[in-house]
Structure formats: C-alpha cells, structure tokens
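Novice: Residue numbers (our numbering), protein chains in the order written: chain A, -14 to 220; chain B, 152 to 570.
Derived BS3-like pairs (lysine-lysine); straight-line CA-CA distance at most 27 Å:
| id | chain 1 | residue 1 | chain 2 | residue 2 |
| --- | --- | --- | --- | --- |
| 1 | A | Lys100 | B | Lys472 |
| 2 | B | Lys562 | A | Lys(-12) |
| 3 | A | Lys54 | B | Lys560 |
| 4 | B | Lys382 | B | Lys394 |
| 5 | B | Lys472 | A | Lys82 |
| 6 | B | Lys472 | A | Lys54 |
| 7 | B | Lys560 | A | Lys82 |
| 8 | A | Lys145 | B | Lys562 |
| 9 | A | Lys82 | B | Lys169 |
| 10 | B | Lys166 | A | Lys100 |
| 11 | B | Lys209 | B | Lys286 |
| 12 | B | Lys562 | A | Lys82 |
| 13 | A | Lys51 | B | Lys472 |
| 14 | B | Lys562 | A | Lys67 |
| 15 | B | Lys562 | A | Lys198 |
| 16 | A | Lys67 | B | Lys472 |
| 17 | B | Lys166 | A | Lys101 |
| 18 | A | Lys51 | B | Lys562 |
| 19 | B | Lys562 | A | Lys54 |
| 20 | B | Lys457 | B | Lys472 |
Rather than coming from a laboratory, the hints here were simulated on the basis of the structure.
No experiment lies behind these values; they were computed from the predicted model shown.
Here are the chains, one letter per residue:
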Amino acid sequence: MIKLNNINKTYFGAQPLHVLKGINLDVAEGELVSIMGASGSGKSTLLNILGILDNYDEGEYYLAGKLVKNLSENQAAEFRNKLIGFIFQSFNLIPFKTALENVALPLFYQGVNRKKRNMMAMEYLERFGLKDWADHYPNELSGGQKQRVSIARALVTSPKIILADEPTGALDSKTSAEVMQILREVNATGITMVIVTHERGIANLTRKIVHLKDGIIESIEENDPDKMDFTKEIK
Amino acid sequence: MFNRDFWSEIFMALKRNKLRTILTGFAISWGIFMLIVLLSAGNGLKNGVTGNFADRIKNTYTIWSSSTELPYKGHKAGRFIMLNNKDIQLLESLYQVEEVSPVLSKGGTLIFGEKSRNVSMEGVKPIFKNIEGVKVIEGRFINENDMRNKLKVVVIDKNTNEELLRTSEETSMMGKTVYINGLSFTVIGVSKGMAFGEMGQCYAPYSTIRAIYNVNEYYQLTFTTKGLDTKEDNEVFSKELRKKIAMLHEFSPDDNRGVWIDSQMVNSLETMRIFNTINIFIWVIGIAMLISGVVGVSNIMRITVKERTNEIGIRKALGAKPRSILLSIVMESLVITTIFGYIGMICGIGLMEIVNSIMESSGAGTNSEMGMSVFVNPTVDISIVVMATLVLIISGVAAGFAPAWNSVKVKPIEAMNYR
Ligand SMILES: Nc1ncnc2c1ncn2[C@@H]1O[C@H](COP(=O)(O)OP(=O)(O)O)[C@@H](O)[C@H]1O
Ligand SMILES: [Mg+2]
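Please put together the full structure from these sequences, using the hints given.
Specialist: Following this line, the structure appears as structure tokens:
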C-alpha cells in the first residue's frame, strides 16, 4: 500500500533543516503501524508527506502502486479525496459547520448529492454513537466526541488508508483508550492505518512500531497488541 | 458546479461574516450611489443652463448701442452711438451675414379695459424668436404673414398677461384687443419674456412698427451668419465688424465700447467648454470613487482569505480542488458587489427621481422672473449607471482574484497550521 524509497525532506527556513534523511518503509494493505519518536524527530513531517499535504525533496513515494511525485494540485486532491482519510490531534473540524456537515464535506468534493451525502454522514455518526449530536457545532462537543466526528469524516469516503497524527494527543486517558479502540476496529475492517504518536502506550496497541530518531528509522518493532492489558491505563 | 450547494456555501460565508459583508457592501453601495448623485447633479446643471440656449440658433449676433470710451477725431469720449440704417446696409453687404433682424423699440402704455401698464414694444422679425430664444408659453410668436400684411398683433409678456387677467373674468388674453399708445392690437401670444419690474415687454411685427412710427434708429440689431463655425472665425469676424462700424460712426477702432458685439456662437462654445470641464471633473471624482470601492473590496477579500486560511487547508486535505476554492472566493466577492452595487444604484436613482419630481412640482431651479433656469432634470442615463456597476463588479472580481489565487497555491499543511 505504501512504499517509501530514500525519502529526504529539508525545511528551507532561516536555517535549512534536514528533517528526513533517507526514509525507507513498506506498509502492506491492512496493516496497523505506528510511528514513534521524540518531539521534533520528524514524525508529522513524514505523515504529511504520506498524506500528500506536503512535498518531499528526494526519493520515491508509491501510494497504492502509483508514484506520488510532482503531482498537479488536482491529482493530489483526487488522491486525498479517494484514498486517504485524515485524523489530526487538533481535530481540524470546520467550526461553523455542524457535525453532520463536517462529516459530509469530503463527499461534497466527490460530487455526491446532498441527500445521499447527509444519509451517509448520518450512518457514520450513528456508528460512533453521535446520532444525537449531528446538528451540533464542534464547540458544543467534548474532545472525544470531536475526534469521533473526525474519524467519521475520515471514513465516510471509504478510503484505503487512514493517517492519524497524534489522534489522542488532546484527549484524556479514558477517551484515548476509546478512540484507540475505535481505530483498531476500523483497521480490523481492512483499512490500512498509520498512527503517529510519541506515547508508548498508544504504540503498544499497533502491530508494527516504527521508531524514528533524528530523521532516520532507528528500528522497526513487531508487536502484539492483543497481549496488552486493556484494564490498565494506556497513558 | 453552480448548484444549490454551491450557492448555500457562498451565502453561509456571507452570513457568517455579517460585519465584513456589510462593510464591503456599504463601500460598494456608497460608491455607486455617489457616482449617480454626482452625474445627475452635473446633468441637472447642464440641462438647466443649456436649456436657456436650447431654442436659440447659434449662428447669431447681437449689436447693442453704447457710449464710446476713447476720444477720436475731435469727438469726446462718452458719445452715445445710435445704430441706424447705414449699419443695416453695412451688415447686408457682408457675405457672412445671412439675415438682419433689427429691433425697433418704442415705449408706451398698454391699456386693456380699466387696466393700464407701461410697456416697451419691440418691433421684431419672426426669426427673433430663435435668435433670442424667446419662449412662447401661450399662443404663437410673430410670423411671416403678420410681417407681410403689417398686422397689428402683439405678443405680451407673462407678467403683463397675469396683471391684465387679475380680477378679470377673462381666463385668457388670446384674441383680445389691447390699446398701445392709442392703437388697437390683437394679442396672439404670451412669452416667458424678460420683464424688468413694472415694465412689460411686448413683441409686434417689425413691419407694423416701422410703418406706424417710421423709426430709423436702433438700440439693438440682430443678425444671423453663415460659414462662421469656430470661435476663431467669430472672433476675427467680430473684430472686422467693429472696425467697419467704428469707421461709419467715427469712433476709434481701438475702442472696446461704442457698440457691444455679442456672438451667440462664442457664448455657447464657452458654455459648452465649461460644461465639458465640469463633466470631466465629475467623471474623475466618480471613477476615483469606483476605484476606492474596488480597493475596499480587494482589501476585505484579502482579510477574508487570511481568516479562511485554516478552513481552506482543511478543505484541501479533504479533497477540495483549487478550482472549487478559487471559485467560491471569487463568487463571494461577486455576490457582494452585485447585490450592494444594485442597492446603491436603486438608492441613487430613487433619490434623484424624488429630487427631480419635487423640483418639477415646485418649479425650483428655474428663475421665472428672468425666464432662466439653472438646474433642470437632474437624472442620469440608466445605461451609464449599469455600465458603471458592471465595471465595479468586474473590477471587484479582478480584485478578489489575486488573494484567492494566493490562498489556493499554498500547501494544505501550511494552510492548516497557519495562525
Ligand atoms: N514548516 C516548517 N518549517 C520549518 N521547520 C519545520 C516546519 N515544520 C516542522 N519543522 C521542524 O522540523 C522538525 C520536525 O518537525 P515535526 O515533523 O513536526 O516533528 P514531530 O511531529 O516529530 O514532533 C522540527 O524541528 C520542527 O521544528
Ligand atoms: Mg508532530
């Protein structure tokens, strides 16, 4: 599903910052992978490249067999819209749209008509127990509810891959556990998932842990989340 | 693309930013409104003043008797020069002169029933009406038939007409017989006329007055010309004519007085020049207003795009194509400019129509004593307004385009992380 060959990325600010120094990584379809590392190690940068939200300088990135390099704006939009679902630490919901409208928005960009859009969005909200919150605006929702809305929004287009950047970063431990449970269930339906985190407890719930340090992959650890004790706090 | 969803997105955006929408809109409305008011006021002034000339033919001259200012060949300064038949012969000998129309003036008393009034009676030719722009408000002016048959008919002025009808059972003077210096005249018309105080002013056929009084001296000679089309032509002609008349009456050719020579052509060219200047001035102000409106729109569009940067980033992450974002921002500015431009247009036209109708019913803007108007029909050609509004809308879109394009170009992650 994902194949990275020698990905390099430098931020050209006041001082050039070489953030990713040759990343090689394969993620197969249906995998549940976490990217772990200290703050500033380049996790978000890597995930943004995976999501075509940012570009890279060197190397090749293949997504679902297609080379993602020098795409036009329109091609990039198509990829993001059809293949990828995003989940962010800060939710990134549109504040003046209701939960339902937020979830339905990706379908708007697919040209799905309003009725069908709202129906599908409602289905996903229902699946995450948010049916009664459909007409509420993001500022009327708790953190956990917001993240569930954004998960619903990420899933509504039935993407091939979900990219989550610190999905539990803004949540308390109980809510974090709930959100992780949902993500694991989503993965169980066959959707590939890459989760960025700096918390061991979160990484422990994934099957493959990629350790990132100073812009290179230090090690890749196989993990069995089912051995985890869910009664224990994950944070 | 332009379906219900598209429009509801736009109107949601406008509703969400009420203050911004209203401020932008007000700038636009105000620009259009002021443009209309300015253009209308300019037109009103133009209509008012040029209306005074409208009935006049332009290729005319008037020569007035006057006193000299310089001594010449033994004559003292201050000698009064009376125009006479030699001047008429001189004029008729000039190839530039088409028709001479002398004015025979005779003071007298007009009597109708019990009423009497001092009048100045002018014996004139029919063409006098066009030369002086006499406005006939009832009946008719002197015609060729009156001239040929030396009919004793008279056109009285408005004030005299009102005075004669006051406390009378009659409602119109048309066809009534009045006595002027003891001779009976039939009233054929009422002119708006220049009436000074208690003195009335009547017009009778030139031939009639000439036959009765045998006057050979004139205070005023008028004539029409041909082939004198420019200001320069007329100035040269005036100078030449002044020399010739000076020779005839033995006053200095360098004397600026002696006679007044007044060219209607030069006057009206002068007036037109002033109005063209006013017009240009109004347009410059108007265009400056439009530009300030457009600049206002583009600035506020810039702020809007900045405010929406995060949202645009999110939309791009969810698969929005640049075109759809660009279109929504541009349409937003288009909708604002169109709606508020239209409001400004309606208000401006509405106001000027009200002003116009009030002025028409009250007669304000015209000076009836002098028969002159200064401000008439202050309205503006609707097509000009529509053009101006279109210009504003198109420039509004152009203004909204640059910031929209910049926001579309930005990488989604940068837009999302923008603070
Ligand atoms: N847009 C940017 N411009 C310049 N430097 C950046 C930018 N984004 C991130 N960085 C820097 O790159 C490094 C990696 O950032 P990031 O990928 O966000 O790390 P992580 O998510 O692992 O904390 C950090 O030092 C950060 O300051
Ligand atoms: Mg990060």
